[in-house]
Amino acid sequence: MLSQVCRFGTITAVKGGVKKQLKFEDDQTLFTVLTEAGLMSADDTCQGNKACGKCICKHVSGKVAAAEDDEKEFLEDQPANARLACAITLSGENDGAVFEL
1 MLSQVCRFGT ITAVKGGVKK QLKFEDDQTL FTVLTEAGLM SADDTCQGNK
51 ACGKCICKHV SGKVAAAEDD EKEFLEDQPA NARLACAITL SGENDGAVFE
101 L
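Counting along the sequence shown from 1, when you hit position 12 you're at 12 in our numbering, and nothing is skipped either side.
Keep in mind that the hints were calculated from the coordinates and are not lab data.
You may find that some hints are simply not true.
[Stated by the list, open to error] Listed below are the simulated DSSO-like cross-link pairs for lysine-lysine, each with C-alpha atoms no more than 27 Å apart in a straight line: (1) 58 / 19; (2) 20 / 54; (3) 19 / 50; (4) 20 / 63; (5) 15 / 54; (6) 19 / 63.
Predicted model only: the values in this text are computed from it and were never measured.
The whole structure should be built from the sequences, with the hints applied where relevant.
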């Protein structure tokens, strides 16, 4: 039997000037991590389906994959470092990344 390897990492979320370290598992979305930590509400959103643009945050530092076209349409009038939390699937390479809400 093959054992399943699960990788973990930590990101920092900054909200109202307060920094909070949050652990994640590979393949969780940033949206899921933030809502489970109570830092972002899932109320009145598309529930992480990249369809409403209500989970915009700022990528401050660390590695994050480039935004895809379906995400970019929600970011046109936003700062260059704006991202949809639901469009960021976390992995080990995101360990140490910082996001501002």
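Which hint numbers doesn't this structure obey?
none
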